[in-house]
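Here's the letter readout for the chains.
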Amino acid sequence: MTFNQIILKNFFKNFSRYVLYFLSLIFSVTLFYSFILLATNEMTLVQVGEQDGGLDALLAGAVVILVIIVTFTMFANSLFIKRRNKEFALYKLIGMTDNKILRMLFTENVIIYFGSVVTGILVGLLFSRLLNMILFRLMGIESVVDFQFSTTSLLYTFLLFVFIFIILTIQNVYFIKKTKLITLMNLGGITETKYKHPNVLTYILGIVGFVMIVAGYFLSENLYDIGFEYPVILFPLMLIILFLTIVGAYFIFKFTVALILNIYRKSKNGHVNVNDVVATSTIMFKMKSNAFLLTLITTITAISLTAMSLAYISYYSAERMVESSHPYDYSLNASGEVPVEKISEALDNAGYRYEWITFDFVTIESEQENESINNESGNFMTYVNIVSDSHLEGYDLEGDTGVVTGTADIIEEVLNATESDFFSFSNGEYSKTIEIIERHEDTVIPPMYAFGANTVVVDDEVYEELVAEMGDKVLSIEEVNSIDVENNSMDVHAFLAEVMTSDDEDVWYGYTSKIEDSIYMMQIMGLTVFIMGFIGLAFLVASGCILYFKQIVEGDDEKGNFTILRKLGFTESELLRGVALKMLFSFGIPLIIGILHSIFAVRAGWFLFGTELIVPTVTVIVIYTFLYSIFGMLSLLYYRKIIKESL
Amino acid sequence: MLTAKNIVKTYGTRQNKTEVLKGIDLKIEAGEFVSIMGASGSGKTTLLNVLSSIDQPSSGEIIIDNQNIEQLSNRQLSEFRKNDLGFIFQEYNLLDTLTVKENILLPMSIRDVSKNETNTLVDTLVKELGIEESVNKYPYQISGGQKQRTSAARAFIHEPKMIFADEPTGALDSKSATDLLQKLRDLQQKNQATIMMVTHDPTAASYSDRIIFLKDGQVYSTLVRGEKKQDMYYREILDTQRVLGGVRHDV
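Those protein sequences? They're chains Z and Y, same order as listed.
When we follow full-length UniProt numbering, the leftmost residue of the first sequence carries the number 1, and every step to the right adds one.
When we follow full-length UniProt numbering, the leftmost residue of the second sequence carries the number 1, and every step to the right adds one.
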């Protein structure tokens with residue numbers, strides 16, 4: 001048997017150990033390949049390219065995924081090479097040169113990489129078809145996905161893995177050349193951190209970590225209150241919150257968890273049960289030494305959950321937002337008269353059933369009291385659009401009361417920017433104050449007419465009075481020319497777009513179309529959700545795999561403990577229950593802190609993205625937790641195998 | 001065969017230094033079987049690691065077979081280990097993925113030796129060590145004693161000039177231990193190999209020609225077997241150990 005044969009046999013016999021490494025590589029290739037395939041696919045390019053920045057977004061997504069893949073494979077590689085320390089020590093002892101060991105590693109990696117790149121690309125080809133379908137569905141594009149094999153994406157994927165391969169080879173060379181033989185032989189033993197008795201500092205830092213997180217959450221809850229008082233510190237405040245939550249999480253892993261478990265163990269006074277031996281004691285040691293890694297995973301979890309939640313909130317609210325800013329299907333505008341007759345005739349001829357919505361509104365200068373900005377009370381001038389309730393369904397106001405439309409209550413509430421509840425109009429001898437009794441999210445005047453001014457619905461009598469009395473304070477009286485069409489569709493949109501084209505160079509026509517804006521919104525949001533989901537998935541799998549690999553290494557280290565415990569008479573299922581508890585801690589604590597982080601982060605800014613908080617956030621968290629727990633289950637299965645074999 | 005001059009080994013940082021070996025001089029003749037004994041923490045294993053090129057001494061000189069191993073390059077060191085050294089450890093250090101025979105052959109596989117030649121070598125070795133039944137089994141299928149003998153066979157297969165053994169009987173019961181030591185002794189005499197063994201077990205040590213006792217990183221005393229009977233030798237070992245204040249054994 002030659003050396004090469006032995007090495008090959010060793011490799012293939014050891015294959016079960018590499019399976020997850022192999023699978024994660026395949027996953028990385030699949031992820032990258034299908035993403036690139038998608039980003040370079042002509043059909044996608046045509047569809048997505050219509051959106052401003054759509055391609056840039058895809059490209060940015062690819063870069064993020066690339067960074068995740070490279071970091072992740074480097075981590076996995078270093079873990080796996082360290083796991084084989086005994087093997088390398090043996091090779092060195094029998095007189096193998098470093099170069100020969102490296103050549104062997106190189107050969108192995110070529111097999112692993114070539115295998116995973118080919119498999120990954122094949123899976124990616126199937127997968128990307130599905131992905132493209134998901135993307136188009138999210139974007140509301142109805143087209144048949146037609147996939148051709150792309151050499152560009154093949155090339156990119158290949159280049160990436162050559163790049164990763166070079167990096168990992170350098171990593172391996174460094175490890176083999178720099179690690180002394182004595183270190184290799186003892187590597188397994190060194191990882192056991194020496195147990196230090198908790199001193200006062202540990203107690204203090206344990207509490208500090210907890211306090212930091214709570215303080216971070218408190219600040220994020222009150223971010224905008226403080227920010228409005230002192231706008232200058234808004235950005236530093238965000239950085240402080242980041243610092244508090246990230247470092248706080250680190251302290252929790254490093255000190256707080258060990259501290260709590262230590263107190264718990266002391267309370268047991270030496271009467272430990274199987275859970276204490278298998279779970280709590282190892283967690284006490286391992287959490288501490290893995291604090292950095294766990295903080296990283298927590299941060300990754302928090303970031304991806306926040307990004308996915310916000311993206312999903314936008315997507316979820318997109319329809320609603322279009323709805324609330326477009327009271328009518330089409331709103332028309334022109335430099336001169338809106339060609340109502342011409343349009344009606346055209347629509348009639350085409351056989352569409354439609355309805356014109358035409359009414360006037362007045363824009364008047366108003367005095368408003370405002371206390372919230374800079375805390376200086378004083379009046380300032382603003383323009384207000386006034387609409388009579390007689391034109392609007394569902395509005396019936398009495399006396400000097402009014403309803404503000406087109407502003408979301410929630411924004412006012414969260415921003416705490418309570419605008420004045422009164423609008424005052426005065427013109428020398430005449431003055432009128434309107435009390436605002438309600439605020440409605442849905443606007444009554446399409447934004448193309450409203451010009452960003454507040455829109456207030458008042459009683460018809462008040463409207464007439466204001467128009468008559470305010471004189472030169474009246475800026476303009478505008479006409480709303482909108483159409484609602486029965487069974488509105490893109491065909492109607494195209495038809496109207498055609499009609500609204502002016503033949504005369506001096507005449508200018510403008511229009512907004514609800515259906516067009518809605519589709520546009522869906523496409524932008526769909527693309528965002530897709531990319532965020534994709535990156536979130538990559539983050540999820542990367543952090544799940546890292547935790548899983550860690551558990552494998554820990555499990556192998558603990559094999560001896562299991563042997564002792566089983567010899568003492570503990571049953572397999574008892575040990576497994578202890579391990580399950582340990583998994584719950586190891587996977588659960590980073591997840592829970594990550595979820596908490598993201599909840600507070602989302603709460604701090606969600607209203608800028610959409611109108612619905614609960615449903616999208618909960619959906620994202622539930623799906624994430626489910627996928628994440630799969631890795632916990634995998635670790636548990638691995639432990640079960642170890643426990644079974646331990647006796 | 002092996003000469004060590006003023007070996008010092010320190011661990012830790014400049015501020016917090018622990019001196020494990022405090023200037024050890026020793027000389028081992030070719031074909032000699034030498035044991036190193038001493039209480040836990042006396043520096044036995046560190047000495048073995050340093051002498052066997054696994055670890056580097058902080059200062060001092062080590063000459064094995066007229067070569068100063070400090071002056072060898074990495075490549076020369078590998079070559080040296082490949083041809084002249086063999087190792088047996090307390091943990092057996094076998095690859096789980098290879099059969100007993102393949103594990104034994106591992107040192108041969110990195111050199112150009114004809115298959116027939118190695119096959120006869122393995123056959124005689126496994127017969128002498130009494131593991132011919134298990135050659136095609138995997139390490140997890142055999143007992144601790146068999147694993148340790150496999151590991152010994154691997155140390156002998158390339159007929160090295162010098163074998164380093166660190167507690168080779170540590171994990172074995174007394175029957176397996178004496179079996180292994182007897183085989184080790186036989187093989188050593190047959191091949192004229194030099195053995196340096198670290199042990200805390202007086203029985204194991206009583207198989208060697210000479211015993212060096214370490215205390216706090218220094219050579220405390222030396223016992224030579226000479227023409228003594230093994231049980232007399234054993235008694236002397238126990239007496240020395242008692243004086244040393246190490247592990248106590250009741251006779």
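The hints are simulated quantities; they were obtained by calculation from the structure and are not laboratory data.
Check each hint, because a few of them may be wrong.
Said to hold, decoys possible - Take a look, some chain Y residues computed to stay more than 10 Å from chain Z by CB distance: (1) VAL8; (2) GLU32; (3) ILE54; (4) SER78; (5) ASN83; (6) ASN93; (7) LEU98; (8) LEU105; (9) PRO107; (10) ARG154; (11) GLY170; (12) GLN189; (13) GLN218; (14) THR222.
As the list claims (entries may be wrong) - To give an idea of the chain Z side of the interface with chain Y (calculated C-beta under 8 Å), a few residues: (15) LYS13; (16) LEU79; (17) LYS82; (18) ASN85; (19) LEU90; (20) GLY95; (21) THR97; (22) GLU465.
Unchecked claim - Derived pair list, reagent style DSS-like, types lysine-lysine, alpha-carbon separation capped at 25 Å: (23) LYS100/Z with LYS228/Y; (24) LYS9/Z with LYS115/Y; (25) LYS82/Y with LYS180/Z; (26) LYS9/Z with LYS82/Y; (27) LYS228/Y with LYS127/Y; (28) LYS183/Y with LYS215/Y; (29) LYS22/Y with LYS180/Z; (30) LYS229/Y with LYS13/Z; (31) LYS183/Y with LYS177/Z; (32) LYS115/Y with LYS100/Z; (33) LYS567/Z with LYS473/Z; (34) LYS228/Y with LYS13/Z; (35) LYS567/Z with LYS644/Z; (36) LYS175/Y with LYS115/Y; (37) LYS137/Y with LYS644/Z.
For every residue, glycine included, the Cβ atom is placed at its ideal position computed from N, Cα and C.
Against the structure, the hints come out as follows:
The non-interface label for VAL8/Y is consistent with chain Z: the shortest C-beta to C-beta separation is roughly 16 Å, beyond 10 Å. Every CB of chain Z is more than 10 Å from the CB of GLU32/Y (nearest about 22 Å), matching its label as outside the interface. With a minimum CB-CB distance of about 5 Å to chain Z, ILE54/Y fails to clear the 10 Å threshold, and the non-interface call is violated. The Cβ of SER78/Y sits about 4 Å from the closest Cβ of chain Z, inside the 10 Å cut-off, so the non-interface label is violated.
Interface exclusion of ASN83/Y from chain Z breaks down, the closest Cβ pair being 7 Å apart, not more than 10 Å. The beta carbon of ASN93/Y sits about 5 Å from the closest Cβ of chain Z, which is not more than 10 Å, so the claim that it is off the interface is violated. Against the 10 Å criterion, LEU98/Y falls within the reach of chain Z, whose nearest CB is about 6 Å from its own CB. Look at LEU105/Y: its CB is around 6 Å from the nearest CB on chain Z, not clear of 10 Å, so calling it non-interface is violated.
Chain Z draws PRO107/Y into its interface by the beta-carbon criterion, the shortest separation being 4 Å against a cut-off of 10 Å. Non-interface status of ARG154/Y relative to chain Z is broken: a Cβ of that chain comes within 10 Å, the nearest being about 8 Å off. At roughly 15 Å from the closest C-beta of chain Z, the C-beta of GLY170/Y stays outside 10 Å, upholding its exclusion from the interface. In this structure GLN189/Y is separated from chain Z by more than 10 Å, as the shortest Cβ-Cβ distance comes to about 24 Å.
With a minimum CB-CB distance of about 21 Å to chain Z, GLN218/Y clears the 10 Å threshold, and the non-interface call stands. No Cβ of chain Z approaches the Cβ of THR222/Y within 10 Å, the least distance being about 27 Å, so the stated non-interface status holds. The criterion of a C-beta within 8 Å of any C-beta in chain Y is met by LYS13/Z, whose closest approach is roughly 3 Å, and the hint holds. Nearest Cβ of chain Y to the Cβ of LEU79/Z: about 19 Å, over the 8 Å cut. The hint is violated.
For LYS82/Z, the shortest C-beta to C-beta distance to chain Y is roughly 17 Å, which exceeds 8 Å, and the interface hint is violated. The beta carbon of ASN85/Z comes no nearer than 11 Å to any beta carbon in chain Y, farther than 8 Å, and the hint placing it at the interface is violated. With a cut of 8 Å, the hint placing LEU90/Z at the interface with chain Y holds, because the nearest CB-to-CB distance is about 5 Å. Annotation: interface hint on GLY95/Z holds; nearest CB of chain Y at approximately 2 Å, less than 8 Å.
Look at THR97/Z: its Cβ gets to within about 4 Å of chain Y, closer than 8 Å, so that hint holds up. Evaluation of the GLU465/Z hint against chain Y yields a violated restraint, the C-beta minimum of about 89 Å exceeding 8 Å. With a C-alpha separation of about 48 Å, the suggested pairing of LYS100/Z with LYS228/Y is violated against the 25 Å cut-off. As the CA atoms of LYS9/Z and LYS115/Y are separated by approximately 18 Å, the hinted pair is consistent with the 25 Å bound.
For the suggested pair LYS82/Y and LYS180/Z, the alpha carbons sit about 17 Å apart, so the restraint of at most 25 Å is met. Distance check on the hinted pair: LYS9/Z and LYS82/Y sit about 22 Å apart at the alpha-carbon level, within 25 Å; holds. For the given pair, LYS228/Y sits about 30 Å from LYS127/Y by alpha-carbon distance, which is inconsistent with the 25 Å threshold. Distance check on the hinted pair: LYS183/Y and LYS215/Y sit about 29 Å apart at the alpha-carbon level, beyond 25 Å; violated.
This hinted pair checks out: LYS22/Y and LYS180/Z have alpha carbons roughly 22 Å apart, not beyond 25 Å. Only pairs whose Cα atoms come within 25 Å are accepted, and LYS229/Y paired with LYS13/Z is rejected, the gap being roughly 49 Å. For the suggested pair LYS183/Y and LYS177/Z, the alpha carbons sit about 37 Å apart, so the restraint of at most 25 Å is broken. At most 25 Å may separate the alpha-carbon atoms for a hinted pair to count; LYS115/Y and LYS100/Z meet this at roughly 21 Å.
Distance hint between LYS567/Z and LYS473/Z is unfulfilled; the C-alpha atoms sit about 94 Å from each other, more than 25 Å. Restraint check for LYS228/Y and LYS13/Z: not satisfied, since their Cα atoms lie roughly 50 Å apart, outside the 25 Å limit. The straight-line distance between the Cα atoms of LYS567/Z and LYS644/Z is roughly 12 Å, inside the 25 Å bound, and the hint therefore holds. Between LYS175/Y and LYS115/Y the CA atoms are separated by roughly 34 Å; this puts the pair beyond 25 Å, and the hint is violated.
For the proposed pair LYS137/Y and LYS644/Z, the alpha carbon gap of about 21 Å is at most 25 Å, so the pair holds.
Comparing the model with each earlier hint shows violations of hints 3, 4, 5, 6, 7, 8, 9, 10, 16, 17, 18, 22, 23, 27, 28, 30, 31, 33, 34, 36; every other hint is respected.
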